[in-house]
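Protein chains in written order, with numbering that gives the first Met the number 0: chain A, 0 to 284; chain B, 0 to 292.
One or more of the hints may lead you astray.
[What the hints assert, rightly or not] Here are the computed lysine-lysine pairs in the PhoX-like style, where the Cα-Cα straight-line distance is at most 25 Å:
#, chain 1, residue 1, chain 2, residue 2
1, B, 138, A, 59
2, B, 100, A, 109
3, A, 271, B, 100
4, B, 138, A, 107
[As the list claims (entries may be wrong)] Chain A is faced by these chain B residues, among others (derived, beta-carbon under 10 Å):
#, residue
5, 16
6, 20
7, 30
8, 47
9, 233
These aren't lab readings, by the way, just hints derived from the structure by calculation. We treat Cβ as the ideally placed atom computed from N, Cα and C, and that holds for glycine.
Each chain, letter by letter, is given below.
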Amino acid sequence: MKNTGKKALTGKKLVLRILLYIAVIAFCVVILYPYFIMFTSALKSRAEIYSINGTLLPIKWRWSNLIDIWRKAPMLNYFLNSIIIALGSTAIAMVCGIPAAYALTRMKFKGQNVFLGIVIVSQMFAPVVLVIGIYKIMMTFHLVNSLLGLILVNAAFNQAFTVWLLRGTFDAISPEMEKAARIDGCGRVQSMFKVLLPIAAPGIVTTLIFVFINAWNEYTIALTLISDDVVKPLTVGINIFNGYNMVEWQYLFAASLFSIIPVIILFIGIEKNLASGLAAGGVKG
Amino acid sequence: MKKKYRLIEPYIWILPSCVLMALFIALPIGMVFRMAFSQVTRAGIVKGFTGFDNFIAATGKPAFKIVLWNTVVWTVVVVVVSTVVGFILALLLNNEFRGRKIARAIVVFPWATTLVIQASVWNFIINTDYGTLNTLLKKLGIISTNINWTPTPGAYFAWECFVGIFVTIPFVTFCVLSGLQGIDESFYEAATADGANYWQKLFHITIPLVRPQLTVSTVLNIIYVFNSFPIIWTMSKGDPANRTDTLVTYLYKLAFYNGKQGQAAAISVIGFLILLVCASVYMVFTLRGQKER
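With the rest of the complex left out, here is chain B (with noise of 0.2 Å):
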């Protein structure tokens, strides 16, 4: 008897963890394959099966093709730019200088502060007739009268991206801090002693040294930027006619505002299948990096 608690123990523990995730992920997973496979009412009644309906007709729109783009770039920018800068930044930041503590605590903020407000102030800041950017720069006398920001879809949507790498940067610096935190000082001073200069150390000890924690940002803001819907939702909701649109916002306008629930569900599975690949290489890199342990 005992000896059979014992087999089940493990799993009792892991069972309030199980079925949380099991009613709240997986069902919600399930219930989008099967409404991106079914004919779906303006209510959001489920009806016959469809086959590929929904995909076709969710892709086959011309908005579909920008949308697709948009997230490409949007994720691509953001993730680059957030990723050299912020590692520039924690590089800076590992330095031993008066008010390193302050610095530290200044850059957690975009990372704490919620991204809907975050959205909000920058569409404040870089209004055309009210905007503190002009304001700013008015008083600094760069300009003499405002300047339009937001020009174009594609100006809006560079805004946007801005505020995403603004937003993700402080990830990255943390990371990559924790990791050159690691460093045995001594690899330095022996390389100093062989007369490598600044980029040799840089390019041969600290990249490859860091490049685990370096990864795990890289993978987790890859799917974090891919997901991010507050930035463009505050921002631009996508407008005009879906050219600031990335898969996220864009099924969500189909789902809430369009009533195509089943196209809606067919772009969640086409974005979850995305996602799916990021995953399996996250696995891929972490399981190597198991057995390396």
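For reference, chain A alone in the conformation it holds in the complex (with noise of 0.2 Å):
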């Protein structure tokens, strides 16, 4: 199945090849052509957007829009909101998935099937159909309209994927170094910061960056908890260019690309990393 590509091509093969390209040319423009429009569309002046004889590619080509937006709404306020809801996800996440996970992995506990049981269940709830009583919970807490809120949810929502990645890293590697960190007069706590966590940095890495964009991406909540501007996430945000009577939506794609872009470049990091892991995961259990 696998072609070297290497070899002089002929006939049959050659004809494959070229099948090759166009099929994977074709998912490509597929994929990119909603990204095409949202970065032409966000260079455009409102009047091009709605011309009856519209363009591909804008006429005059406004970057401006990409400045403009950072003043007509208050962008800065939703950009700094979802960066401190993503980060604070992430490490509170880490802080309850790395310990679970060494648990799991490094001691032999009653219930261990259980926990692991009840962590595999809570990844089937998205936090949409507890949406009510996310609401009524964060009203008693008064944490409704607060990003230590938000964080707290997406911490809780992320811990199913956190366990679950951590698990599948650390079960890869072998516990006889920190055994023998451990004969060496380490502690448990010593022995995972000082060995453990250091082999495991890729798969660490790999977990926290996915929760991040899993944080920075959230809508459904946020959306429900958040109603004060001066809390609101970006996903939220830029819906105020997504006015009643119009749409700005040369504004609204401007300020979606300086949402998805500094995300798509993490995701492309740990792509590979993430769907063994996941998958690894699923399979063994």
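Hints are included, so try docking the two chains, each in its own frame, into the full complex.
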């Protein structure tokens, strides 16, 4: 099935190769199409956007749109809120997830499988199904319209992935080195920090970035819990351009670009580790 | 003393994780159940126990049938199509060719982009008056006048399914790719020596060997797609008249727009039970996988 592509291609093989390229390019074009539209439309004027005789590329490239959005809306606020939410969620998810994954892979205890079962099942419940309950609980804790509230919910709903991916990572690392360290007088915590975590760094980084992206992209709970402009993240905030009477598409897309580009770059970095981690975790149980 | 500590030590390690999930997942679940069986005022104050009243009120509406049917169509269509297309894309990307790294990076895009933005862009693209799909087709000379891409609620719903498929494909592709890359080349060499053709190799070697990854991606996708809220919310808000609603958008409107939190909670419970069945199936699969290890 795998072609090396180095040998001289003839006849049938050449045709297959060409078909492969056509298929891959077709997929890529379709996938990139909305991003192309987002980019070009972000740089059009409103008149051009709404023009009946539209063009594919802007007639006049309005790079100023990219600057205008920061003045027309509290974009800086949204952006900072998104960063705080994503970082906070990641930090809490890791602080809770690392010890749990450590216990699952390095200790034997009663209820181990029950805990793992709960982790797996918790993955099944997206926040939206529980949104009414979450809203009520947050009212009780006075965490409506607060960044902390969003951070905690995001961290909780990412706990499954965190424990899942980290468990897979820790499982693949032999505990022998830690045992040696502990014979040398290291405590558990010390041996974890000094031996396990550095070796597990690639897996930890993958997990970290994945949680960061999930929290950055979260929409439903933010929409529900946050109504105050001061604490809105980007996903909710950019809808300021999605007015009741008129959508300012050019600004909406310009703001969207700022929201998606950093995340896409991060995601490309971890794509390979992530997919195998998720799939392996599932296969292993 | 030390022995006692060693016994409870593991529980201390899992405690933070347990507390986090208890407060923000288990507690809301309990709250949803409580509200589903109680009278809830418009202001959200939970009053006495009412048995199944909320369930009867919520499921008795004509809209509920439409919404339930939409949810089934949405979940099945999006999961099946994206699994098939994602699988094909994975087979393509598993070949070695120039630009493969770039192609892989491009496939990541929809996975990394927040759904609300994806949905906005597609909403813009398919607009009848100024949408860029019409512009593109006109420039290519395929059409001469603008086409109304969303003449009926059904057409709108179909577009929403399309966007759902679009964003779900990468997850399938990468799961399958991770499986494909673990397949030993010697299987194919042996099959080729035996005179097997491409399709025989695909159905007798490739598919059985990536079955675990396909199972994971399919089951997880059923759950994600069932729960997916932003696409439909952004594109149509379930309008007109619930014709494009799924359970999650319907319950959201009931709770936060119509002030019927009790009924919304009842629908949450129904959704919860449906997911629990999915979760159980998933558990059976993973536990079986563990035994085989």
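For each hint, the structure was consulted:
1. Restraint check for residue 138(B) and residue 59(A): satisfied, since their Cα atoms lie roughly 18 Å apart, inside the 25 Å limit.
2. For the proposed pair residue 100(B) and residue 109(A), the alpha carbon gap of about 45 Å is over 25 Å, so the pair is violated.
3. As the CA atoms of residue 271(A) and residue 100(B) are separated by approximately 11 Å, the hinted pair is consistent with the 25 Å bound.
4. Between residue 138(B) and residue 107(A) the alpha-carbon distance is near 66 Å, which puts this suggested pair outside the 25 Å criterion.
5. Hint status for residue 16(B): holds, given a least beta-carbon distance of 4 Å to chain A, under 10 Å.
6. Nearest Cβ of chain A to the Cβ of residue 20(B): about 5 Å, under the 10 Å cut. The hint holds.
7. The interface hint given for residue 30(B) is met, as the beta carbon of that residue sits about 4 Å from the closest beta carbon of chain A, less than 10 Å.
8. Interface restraint check: residue 47(B) against chain A, minimum CB-CB distance 17 Å, threshold 10 Å, status violated.
9. A hinted interface residue such as residue 233(B) counts as satisfied when its beta carbon comes closer than 10 Å to some beta carbon of chain A; here the least separation is about 9 Å, so the hint holds.
Hint compliance for this structure: hints 2, 4 and 8 are not met, and every other hint is.
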